[in-house]
Amino acid sequence: MMSDIGTWDIFRNLLLSARWTIVLTLTAFIGGGIVGMLVLFARTSGIKPLVLATQGFIELFQGTPLLMQMFLMFFGLALFGLDVPAWLAAGVALTLWSAAYLAEIWRGCVDAIPKGQWEASSSLALSYSEQMRHVILPQAVRIAIPPTVGFSVQIVKGTAIASIIGFVELTKAGTMLTNATFRPFLVYSLVALMFFALCWPLSLWARHLEGKIHGSRAH
Amino acid sequence: MGYHFDFSDLWGYREVFLKGIWLTAVLTVVGCGLGISVGIAGAASRQYGPKWLRVIVGTYVELMRNTPFIVQLFFIFFGLPGMGVKLGEVTAAIIAMVINLGAYSTEIIRAGLASTPKGQIEAGETLALSGSQIFRHVVLIPALKRIWPALSSQCVIVMLGSAVCSQISAEELTFAANFIASRNFRNFEVYFITTIIYLGLAIGLRQVFRLIGRYVLGAR
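Chains as they are written, first to last, in this note's numbering: chain A, 1 to 219; chain B, 220 to 439.
Honestly, the hints are just simulated from the structure, not real lab data. Treat the hints with caution; some may be incorrect.
[To be verified] Taking lysine-lysine pairs in the DSSO-like style, the calculated list, with each CA pair at most 30 Å apart, reads:
{"hint": "1", "chain 1": "A", "residue 1": "K48", "chain 2": "A", "residue 2": "K115"}
{"hint": "2", "chain 1": "B", "residue 1": "K270", "chain 2": "A", "residue 2": "K115"}
{"hint": "3", "chain 1": "B", "residue 1": "K337", "chain 2": "A", "residue 2": "K212"}
{"hint": "4", "chain 1": "A", "residue 1": "K212", "chain 2": "A", "residue 2": "K115"}
{"hint": "5", "chain 1": "B", "residue 1": "K305", "chain 2": "B", "residue 2": "K337"}
{"hint": "6", "chain 1": "B", "residue 1": "K270", "chain 2": "B", "residue 2": "K364"}
{"hint": "7", "chain 1": "B", "residue 1": "K305", "chain 2": "A", "residue 2": "K212"}
{"hint": "8", "chain 1": "B", "residue 1": "K238", "chain 2": "B", "residue 2": "K337"}
{"hint": "9", "chain 1": "B", "residue 1": "K337", "chain 2": "B", "residue 2": "K270"}
{"hint": "10", "chain 1": "A", "residue 1": "K212", "chain 2": "B", "residue 2": "K238"}
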């Protein structure tokens, strides 16, 4: 039976399951971006309870394993009587985890905007949201893009953890193929190469963007 | 919602938790110690080594930083025996953590080495320090001081990542949690407490790094 699955079949099946790695990555990146933006606004709002709450949120999600976050979503959402599929638990956990990191990365970018910009815009009687929208964010976004692209690599790698709660992406497909073929060396080499093929271009792109910013500053 | 939280019988499993915490701590201390050592060697090779060595270290760093830790772990534990290399689960976990952290810390420490002002090295030469004395006292230790916060964060990430080692049945904290949950079926309570323990470990590890930074490296 095991001889039915050849090297080509292994490769093809892994490639097909890589779609789910990409789907989960995009979900987490977009969801994490939206939630991260909300956290960023709360974090920089200057309203004490909001600031404390976001600090707690970031500390919680940066100070605990992503695997535990997925377990808690998996079993926690079930407590509300929901039948939780693995993709939902993985998607929600990855979204919140990404949001915590992105909010912190972006806060660094907002902090990097000179204080005079805040003062000047508030002397023009702009409200907090107007200051953010017209003065701070347009400048912060420029320096935020390279580290954001860099973090997307972490999200791609984070999706591999979803295999543990049973989401069939690249890693889980690798485990299943190993069990069927008893060729772990080949299978996990291919899994690693496919992750590398997803992550490396993003890493190179992030480095390229970073170089561009530093280059333009040198002039 | 009709569900009653019950943390009461978890106290009866405290020894299982403690054993798990112990192995997580051992993995972290050994993994970080060796990982940072690999990072120092890698950074020095990449900064000052011959071309071929720089290429090898560069490839290693890129390969490790662009693949998930869990895949590296599975490759070492499940893949290598096919090539005749059989490893115990704790050994495999430590090796995976070391090569993973080694790659990240190579990049972090190299940034520190690269930011050493040239005048510092020239001043060391003027004082007739040997090459290894200059590397140690003038280049390495000030570089470590500069990048210590980044290195600490990376070590915390590696400690949290070690949760995945439960998948190769290394009996660390997550393995203990899985074991208890399979006994008392109180999944949410067990993972909730385990999450809090990890949070405590992360905060504790950060403090340890702060103390090492202050008293060993003399950072502020």
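Against the structure, the hints:
1. A:K48 to A:K115: Distance of about 20 Å is within 30 Å: holds.
2. B:K270 to A:K115: violated, 45 Å
3. B:K337 to A:K212: holds, 25 Å
4. A:K212 to A:K115: With a Cα-Cα distance of about 24 Å, the restraint between A:K212 and A:K115 holds, given a limit of 30 Å.
5. B:K305 to B:K337: violated, 47 Å
6. B:K270 to B:K364: holds, 27 Å
7. B:K305 to A:K212: At roughly 46 Å apart (the allowed maximum being 30 Å), A:K212 and B:K305 break the hint.
8. B:K238 to B:K337: violated, 49 Å
9. B:K337 to B:K270: holds, 21 Å
10. A:K212 to B:K238: violated, 50 Å
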